[in-house]
Amino acid sequence: MSEELPAEDLLARVARQDVAALSELYDRYAPRVYGLMAHILPSRDAAEEILQEVFVRLWSESPSLSQEGRSVVAWLVVTAREAAVERLRALRKNAPNVGLQGPSAKTEKGPDLGTRKSKAGVLVPSAAKSLDGKSEAMKPRPADGVKSPAMGSVPLAWLPQPKEITLIDDRLVLLHKAINQLPKPQRQALELAVFGGLRESEIAAEMGEPLGKVRSSLRAAVTFVKHRRRAVCGTWAANI
Amino acid sequence: MGCQHLEELYELWLLGALSEQGSLDLRDHLGRGCPHCLARLREATETVYLLGLASKPARPHPRVKSELLRHISRKAAPNR
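Same order as they appear, the protein sequences are chains A and B.
Every position in the first sequence, counted from 1, becomes a number in the numbering used here once 142 is added.
Letter 48 of the second sequence, counting from 1, is numbered 31 in the numbering used here, and no numbers are missing.
No lab work stands behind these hints: they were computed from the structure.
Keep in mind the model is a prediction, meaning the values are calculated, not measured.
Ideal Cβ positions, reconstructed from N, Cα and C, are used throughout, including at glycine.
Among the hints, a few may not be true.
As the list claims (entries may be wrong) - Cut-off 25 Å, straight-line C-alpha distance, at most; resulting in silico cross-link-like pairs (SDA-like, lysine to any residue):
| # | chain 1 | residue 1 | chain 2 | residue 2 |
| --- | --- | --- | --- | --- |
| 1 | B | Lys58 | A | Arg199 |
| 2 | B | Lys48 | A | Glu203 |
| 3 | B | Lys48 | A | Gln159 |
| 4 | A | Lys319 | A | Phe366 |
| 5 | A | Lys235 | B | Glu3 |
| 6 | B | Lys48 | A | Tyr171 |
| 7 | A | Lys235 | A | Tyr171 |
| 8 | A | Lys305 | A | Pro173 |
| 9 | B | Lys58 | A | Ala154 |
| 10 | A | Lys326 | A | Leu316 |
| 11 | A | Lys355 | B | Arg42 |
| 12 | B | Lys48 | A | Ser206 |
| 13 | A | Lys326 | A | Glu348 |
What the hints assert, rightly or not - Stretches of chain A that chain B covers, calculated by requiring three or more beta carbons in the stretch to come under 8 Å of a beta carbon on chain B:
| # | stretch |
| --- | --- |
| 14 | 192 to 199 |
| 15 | 317 to 329 |
| 16 | 335 to 346 |
Build the full structure now, drawing on both the sequences and the hints.
Here is the structure:
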């Protein structure tokens, strides 16, 4: 049985314009990226479009990504999420009254994060369905605040190295179990940030909670996940 | 200025969830090239990656890959 080539070897080949290597990276990671796109975006077309855009961009940026020795799958996931969130925000802004049906993508294994439902007249990303199965209406609202680092422009130096991502991938089931231990309000707020592309003030409006409480929930949720990740991946001492 | 007060903000900033003021504070601080924050940002990116994987994998239609590779092959062809 042949051993799977490391993704970074494939990336180096992509940087040398090897289409077959890109095809192999696509086979390996497209389900992961598309699952994320389908979770964030309200239509299959939009999810497919962003998926393609991200891989086209990988083709263009592979030389620098390969040279820096950063994780290709981390780049894919982080870039794809940002692109999808930007698209979602644009959709909310440009079509505030259009109800969009969520995609019915065939899903595989994954943590218990619920699926998407939409209501007529509201734009509802999949994250708007809370973990206990009750859907939350996410009304479109104008974007506010300062543009956070467009992931497309996140410096490569901020990306993890492949070995750090391997630690996470090897312990993914355990890490998802840990995330599922978050108290419900914290999980809901975090989901609205991660998959709904909402800012903290928008999350507060969505949840009908005071901004200060939502801020505390988000910070507590992120700290919880970060600490669990350190503990599960055995990087705690190195990061204190 | 120290950066302990930013400790809980890196992930939320990367996620685009911070308010205007929170983003400005962090951006301002990062602009000074703080090495501690750079290390924390790397770690925060790992957490953002992990959170992104909380969605279930899904298989895109095979047409998506065909179109992608056709497009890429056209881009690659002039360089060969």
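Status of each hint after checking the structure:
The straight-line distance between the Cα atoms of Lys58(B) and Arg199(A) is roughly 12 Å, inside the 25 Å bound, and the hint therefore holds. The suggested pairing of Lys48(B) with Glu203(A) holds, with an alpha-carbon distance near 19 Å, which does not exceed 25 Å. Restraint check: the Cα-Cα separation between Lys48(B) and Gln159(A) comes to about 17 Å, which is no more than 25 Å; the hinted pair holds. This hinted pair checks out: Lys319(A) and Phe366(A) have alpha carbons roughly 12 Å apart, not beyond 25 Å.
Between Lys235(A) and Glu3(B), the direct Cα distance comes to roughly 18 Å. Compliance with the 25 Å bound is thereby established for this hinted pair. For the given pair, Lys48(B) sits about 12 Å from Tyr171(A) by alpha-carbon distance, which is consistent with the 25 Å threshold. With a CA separation close to 30 Å, the supplied pair Lys235(A) and Tyr171(A) exceeds the 25 Å bound. A distance of roughly 21 Å separates the Cα atoms of Lys305(A) and Pro173(A); the hinted pair therefore holds under the 25 Å criterion.
For the hint linking Lys58(B) to Ala154(A), the alpha-carbon distance of about 17 Å falls within 25 Å, and the restraint holds. The suggested pairing of Lys326(A) with Leu316(A) holds, with an alpha-carbon distance near 19 Å, which does not exceed 25 Å. A distance of roughly 38 Å separates the Cα atoms of Lys355(A) and Arg42(B); the hinted pair therefore is violated under the 25 Å criterion. About 24 Å separates the Cα atoms of Lys48(B) and Ser206(A), which keeps this hinted pair within 25 Å; it holds.
Distance hint between Lys326(A) and Glu348(A) is fulfilled; the C-alpha atoms sit about 15 Å from each other, no more than 25 Å. Look at the stretch 192 to 199 of chain A against chain B: 4 of its residues bring a Cβ nearer than 8 Å to a Cβ of that chain, three or more, so the hint holds. Coverage of a stretch by a chain is defined here by at least three residues with a beta carbon nearer than 8 Å to that chain's beta carbons; for the stretch 317 to 329 of chain A and chain B the count is 3, and the condition holds. Given a C-beta distance limit of less than 8 Å, the hint that chain B covers the stretch 335 to 346 of chain A holds, as 9 residues qualify and 3 suffice.
In this structure, the earlier hints numbered 7 and 11 are contradicted, and the remaining ones agree with it.
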